Amino acid sequence: MRLLLAFVLALFAAVAQSADRAHDEHSAAEPATVRISAMALDLRVDFAARTLAGDVVHTLAWADPSAAGPAELVLDTRDLAIERVQARKGDGRWQRVEFSLAERDAIFGSTLNIALPSRMDAVRIRYRTSPEASGLQWMTPAMTAGGKQPLLFSQSQAIHARSWVPLQDTPGVRFTYTARIRTAPGLMALMSADNDPAARADGDYRFTMAQPIPSYLLAIAVGDFRFKAISERAGVWAEAPVLDRAAAEFSDTEKMIAATETLYGPYRWERYDLLILPASFPFGGMENPRLSFITPTVITGDKSLVSLIAHELAHSWSGNLVTNASWKDMWLNEGFTSYVENRIVEAVYGREQADMEDVVSQSGLRAELASLPPAQQVLALPPSPGRDPDEALTDVAYIKGQWFLAFLEGRFGREAFDPFLRKWFDEHAFKSVTTDDFLAFLRRELIAKNPGKLTEAELAAWIAGPGLPETAVAATSPRLAAVDVAREDWLKRRVAVAELDTSKWITQEWVHFLEGLPEDIAAERLLELDGAFRFTGTTNGEIAQRWYPITVRAGYFEARPALAQFLRKVGRRKLILPSYVALAETPDGLAFATQVLQQASAGYHPITRGAVQAVLDAAAK
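Going by the numbering used here, the letters in the sequence shown line up with residues 15 to 635, in that order.
Derived by calculation from the structure, the hints in this document are not laboratory data. Just so you know, these numbers come straight off a predicted model, no measurement behind them. Be careful, since some hints might not be right.
To be verified - Computed beta-carbon distance windows for the label pairs:
#, residue 1, residue 2, range
1, Asp216, Asp105, 34 to 42 Å
2, Arg58, Ser114, 52 to 60 Å
3, Arg259, Glu146, 31 to 39 Å
4, Asp258, Thr47, 46 to 54 Å
Using N, Cα and C, we set each Cβ at its ideal position, and we do this for glycine too.
Using the sequences plus the hints, can you model the full thing?
Quick look at the structure:
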């Protein structure tokens, strides 16, 4: 134990003393020399060719603008066709300049190197995206809810913005932007900017994002979208068949905004709208400022999954407002956001619901920790130059990060911790930060003002130690404890399935019930459950995510047709990967999964398709 503590403290010291945690090894940009300060897009949307094409103008801020001689601007790209590059000096005249694209890297794309005669004020790049751009999904009318118009949406996090705009693709650089987007009349274009709820679908749209954002928050969507207001500053965009259900499900959005403002200060992005995307959207939500992208899989009719909205809203303070400078400190985005999410849920829906969600998320973290190597179990991740930052999207950043903040809250009390967190957001607004920055702020504003309440060893165990520290106090929930009793009574045949009192259970209780079933449960017991509760064919994605892998491992083949339909219909990575993993464990299951993927592939986002293919490829070796 002493040796482990010494190792963790040494690692913690290395993290705390590092002068390079702000360096982003996932970008070739050189922000210490020059930064993009503003961006102007002018793009045409071509659904037939599946491309965006046009110009981007980058306004440049040089660290030393008066330096003489030639200069170089390095941008990140992936699979872009660069047609020409021009540069502008203070006289306003544009001149063509030389450029070159480096050899393509499978993860990071191709560096765009622009040779400048001097430190120019701006560059203009004419380019075209690839039909296979990793950050764009093009959908035919048949793949949409309305079935009449095509649809396009982006997913830029973590390093996919470079697949549709040549730019400095790092969270350490923030810029404002304007855009002109042209598409076919009848289609509505939206961006992570100042969308007008009263806009006409005339095919020509202009946008302004006045607050500086990092590249991963750059977003676009084009489709047959309609709008319905929730409040004066919040509303829902969606295809017509989904709009009313979505607006009803998320009607508490304004209450969430107000609750968060009470805790952590004013909402600084003017509007907060939701865009409901098709089920192929690879994530639950994406916190694009002013316009969160949301999966329809959380529309359950009982608001039991609206914590997703609380999460994406919370990013308006943690992530969008105060941003991790590199992806190795992702916990500064996601851990803080998960903590704020839970506080929002508590404020709007009560402590009982917040506690249930804590128990479920902590259970998921423990399960994931069992499969992660120790180096990936720490909050402050070590540099990973050759690793795709999408792989850092684990529950460690989200739930261990949240758990750490909950630990601090418990140790110092809300009366001290809440003002501390609000001050963190206020003092670092519109800045990119590192773990070092947070530790310095924590020591100055909380530890020093409350001496004797937290040791450096305890802090080190959370930040640099693998797994969960001894100081991690698990969440509890009387309602989920009752679920444990009910499950055990049924498993031990003390009660029949029909005798279980589940009439008031919500999603979190059902999830907890399923997660507690034994790995070796017999298929006939699943048949009992299915007959009573009709899990097979459920429209609740969180339940489906748990149920179908259980059926696969138990040999409950009656669920196979519904499982195939679920995998073909839903593209949210979190919901479908567990089923593919379970199927890939046997030759029969692998063959079935391969066949389903062939049928579903066209409707999957490239991020999801790649993740599923990796699972199947690994199993086939």
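Determine whether the Cβ-Cβ distance between Arg259 and Glu146 falls within the hinted range of 31 to 39 Å.
33 Å Cβ-Cβ, so the 31 to 39 Å window holds.
Verdict for Asp216, Asp105 (Cβ pair) under range 34 to 42 Å:
36 Å, holds
Hint check for Thr47 and Asp258 - Cβ pair distance inside 46 to 54 Å:
52 Å, holds
I want to verify a distance hint. Is the separation of the beta carbons of Arg58 and Ser114 within 52 to 60 Å?
This hint is violated: roughly 26 Å between Cβ atoms.
Comparing the model with each earlier hint shows a violation of hint 2 alone; every other hint is respected.
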